[in-house]
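Based on the provided sequences and hints, a complete structural model is requested.
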Amino acid sequence: MFFTRSRPKRYIFSKGIDDTLIGVYNAYLFVARFFKEAFTKPFHFRVVVDQCFEIGLRSLTLITLTGFVTGVVFTKQSRPSLEVFGAASWLPSLISIALVRALGSLVTALICAGKVGSSIGAELGSMRVTEQIDAMEVSAVNPFKYLVVTRVWATVIAVPILSLYCTTVGLLGSYLNVHTHEDTSFISFMESAFEAISFIDLFTAVAKSVVFGFTIGMIGTYKGFNASQGTRGVGRAANQAVVLSMFLIFIEEIVIVQISNWIKFF
Amino acid sequence: MTEKHYIQHTINKEEKVISIREVYKSFGDLHVLRGVNLDVYKGENIVVLGRSGTGKSVLIKLLVGLLKQDRGTINVLGQEVSQLKAKELDALRLRVGFSFQNSALYDSMNIRQNLEFPLVMNRKQLTPKEIGLLVDEVLDAVGLKDKKEQLPSDLSGGQRKRIGIARTLILKPEIMLYDEPTSGLDPITSAEINELINEVQERYNTSSIIITHDLTCAKETADRVAMLLDGMFVSVGSFEEVFATQEERIQSFYNYNFTK
Ligand SMILES: Nc1ncnc2c1ncn2[C@@H]1O[C@H](COP(=O)(O)OP(=O)(O)OP(=O)(O)O)[C@@H](O)[C@H]1O
Ligand SMILES: [Mg+2]
Chain A
1 MFFTRSRPKR YIFSKGIDDT LIGVYNAYLF VARFFKEAFT KPFHFRVVVD QCFEIGLRSL
61 TLITLTGFVT GVVFTKQSRP SLEVFGAASW LPSLISIALV RALGSLVTAL ICAGKVGSSI
121 GAELGSMRVT EQIDAMEVSA VNPFKYLVVT RVWATVIAVP ILSLYCTTVG LLGSYLNVHT
181 HEDTSFISFM ESAFEAISFI DLFTAVAKSV VFGFTIGMIG TYKGFNASQG TRGVGRAANQ
241 AVVLSMFLIF IEEIVIVQIS NWIKFF
Chain B
1 MTEKHYIQHT INKEEKVISI REVYKSFGDL HVLRGVNLDV YKGENIVVLG RSGTGKSVLI
61 KLLVGLLKQD RGTINVLGQE VSQLKAKELD ALRLRVGFSF QNSALYDSMN IRQNLEFPLV
121 MNRKQLTPKE IGLLVDEVLD AVGLKDKKEQ LPSDLSGGQR KRIGIARTLI LKPEIMLYDE
181 PTSGLDPITS AEINELINEV QERYNTSSII ITHDLTCAKE TADRVAMLLD GMFVSVGSFE
241 EVFATQEERI QSFYNYNFTK
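Chains as they are written, first to last, in this note's numbering: chain A, 1 to 266; chain B, 1 to 260.
Simulated from the structure, these hints should not be mistaken for laboratory data.
For glycine and all other residues, C-beta sits at the position ideal for the given N, C-alpha and C.
Just to be clear, a hint being listed does not mean it is correct.
What the hints assert, rightly or not - Here are some, though not all, of the chain A residues that point toward chain B, as calculated from beta-carbon distances under 7 Å:
no.	residue
1	H44
2	E131
3	Q132
4	D134
5	A135
6	V138
7	V141
8	P143
As the list claims (entries may be wrong) - Taking lysine-lysine pairs in the PhoX-like style, the calculated list, with each CA pair at most 20 Å apart, reads:
no.	chain 1	residue 1	chain 2	residue 2
9	A	K41	B	K68
10	B	K42	B	K68
11	A	K36	A	K145
12	A	K41	B	K87
As the list claims (entries may be wrong) - Ranges of calculated distance between the beta carbons of each label pair, as one might list FRET restraints:
no.	chain 1	residue 1	chain 2	residue 2	range
13	A	F43	B	L77	22 to 32 Å
14	A	M190	B	K124	41 to 51 Å
15	B	E241	A	G235	46 to 56 Å
16	A	Y25	B	S52	32 to 42 Å
And the structure:
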């Protein structure tokens with residue numbers, strides 16, 4: 001398929017600027033093609049499910065560990081400040097606000113960008129440079145649908161689930177820490193934790209994770225699908241996928257927080 | 001060295017399966033193909049010879065729409081390739097087998113899954129049992145029945161090549177495109193592949209384009225030879241005809257192959 005514009009011979013601004021603009025335009029075409037092909041048959045459900053498991057398996061240990069440690073450490077570090085005001089009983093609400101609104105989805109997204117984004121970039125990149133993608137195309141299978149669309153769906157589905165999981169593990173970690181200091185029951189801990197959370201918080205958290213998942217999948221597949229120049233290109237695709245998706249995740253975090261604050265304001 | 005010894009297949013000179021007219025293709029400033037003309041007839045093996053980087057791979061990629069020519073027309077099985085819509089192109093691709101220079105096996109799948117893949121994706125009406133039988137048939141044809149559950153990375157280069165050919169054969173294509181089927185292989189394995197190519201021609205009455213710089217392969221498999229030089233076919237004919245010329249570069253191509 002001929003959707004990538006090749007580089008013009010003469011530069012309009014300078015090589016750097018022109019290349020960036022063309023890169024952005026090509027990325028735009030890639031994303032547009034995703035939306036065109038994501039909702040039409042064939043769907044390759046099996047591949048999507050397989051990919052979801054793959055993503056889960058690849059990142060579960062790290063997410064569990066990071067979520068748990070975040071919960072424990074964050075609670076431990078916040079306690080002294082709250083105790084100064086005699087407000088240690090607010091710990092559960094503070095932690096749950098922090099985890100649900102920001103940390104859970106952000107930590108998960110960053111871990112997935114590192115583990116999942118890079119492996120998608122490397123996998124598709126090596127398939128590109130060894131002509132496996134061409135081989136797919138000549139056997140009348142649309143590689144964009146089979147490789148790109150399925151992986152983006154998988155990250156869009158898996159990353160929010162992993163984020164909720166990460167948040168839950170973080171709350172458990174936090175509870176363990178609270179429990180060693182006070183005799184709070186698990187139920188009452190959770191009650192006060194969720195009291196502080198509104199529906200819009202949860203909704204924003206999930207929406208944010210969907211956006212993060214989309215970003216990770218899209219960038220990993222884009223970099224891999226358009227890899228070139230042999231094995232070096234594969235490494236570069238994996239590397240760029242991580243850097244670029246982490247960068248975008250931070251920007252998106254800021255933008256989404258702004259938007260959700262506006263929504264709450266009205 | 002044996003000449004092509006059995007010619008039991010029938011070449012129908014009336015029926016063109018591929019017709020290439022005045023095709024140009026460049027990448028930036030690099031003019032790779034500069035006015036290519038070629039006809040391929042039903043049931044014939046045509047060998048395309050040419051030095052590395054003359055655009056042989058580019059030429060067959062144009063035939064299946066992996067690349068698009070800048071100018072000229074390419075007609076495959078009665079259809080103008082560059083004019084086809086995605087669906088029509090896919091239908092055409094199922095009738096044309098493309099075996100890649102580096103095999104291009106899916107390295108996340110084992111050999112059986114590699115061979116099943118084109119069937120599972122394109123022949124939805126087949127039962128798993130029928131698919132299994134077809135897999136066995138092509139594995140038998142390439143002589144690698146015992147490798148079914150291995151991964152491509154466990155195979156040698158020659159075995160991978162044969163599996164690559166098997167994967168394209170499984171759809172019973174009317175045209176086969178072989179990109180350097182014998183490059184990097186020892187003479188005995190090469191001879192086996194040459195035999196396989198001739199066997200495919202006989203068994204399925206396919207027409208084939210075989211790209212190579214291996215003159216032994218050319219001699220054994222070719223009904224006709226086409227010599228690509230400077231982006232054009234400068235000479236097309238039987239092996240003897242093409243190398244009977246005084247043209248220096250064709251001669252040196254011959255000499256380097258056989259006197260080294
Ligand atoms: N997608 C592409 N983009 C840019 N240049 C290309 C592309 N594909 C091929 N080329 C260039 O076109 C020329 C011909 O390439 P091609 O692969 O057809 O050579 P070849 O005749 O198959 O050589 P070999 O025998 O080594 O395989 C080469 O110089 C190559 O660099
Ligand atoms: Mg080549």
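Now for the hints, and whether the structure bears them out:
{"no.": "1", "hint": "H44", "verdict": "9 Å, violated"}
{"no.": "2", "hint": "E131", "verdict": "4 Å, holds"}
{"no.": "3", "hint": "Q132", "verdict": "5 Å, holds"}
{"no.": "4", "hint": "D134", "verdict": "6 Å, holds"}
{"no.": "5", "hint": "A135", "verdict": "4 Å, holds"}
{"no.": "6", "hint": "V138", "verdict": "4 Å, holds"}
{"no.": "7", "hint": "V141", "verdict": "5 Å, holds"}
{"no.": "8", "hint": "P143", "verdict": "11 Å, violated"}
{"no.": "9", "hint": "K41(A) with K68(B)", "verdict": "26 Å, violated"}
{"no.": "10", "hint": "K42(B) with K68(B)", "verdict": "24 Å, violated"}
{"no.": "11", "hint": "K36(A) with K145(A)", "verdict": "10 Å, holds"}
{"no.": "12", "hint": "K41(A) with K87(B)", "verdict": "13 Å, holds"}
{"no.": "13", "hint": "F43(A) with L77(B): 22 to 32 Å", "verdict": "30 Å, holds"}
{"no.": "14", "hint": "M190(A) with K124(B): 41 to 51 Å", "verdict": "49 Å, holds"}
{"no.": "15", "hint": "E241(B) with G235(A): 46 to 56 Å", "verdict": "49 Å, holds"}
{"no.": "16", "hint": "Y25(A) with S52(B): 32 to 42 Å", "verdict": "34 Å, holds"}
Consistency with the previously given hints fails for numbers 1, 8, 9, 10, ordered from lowest to highest.
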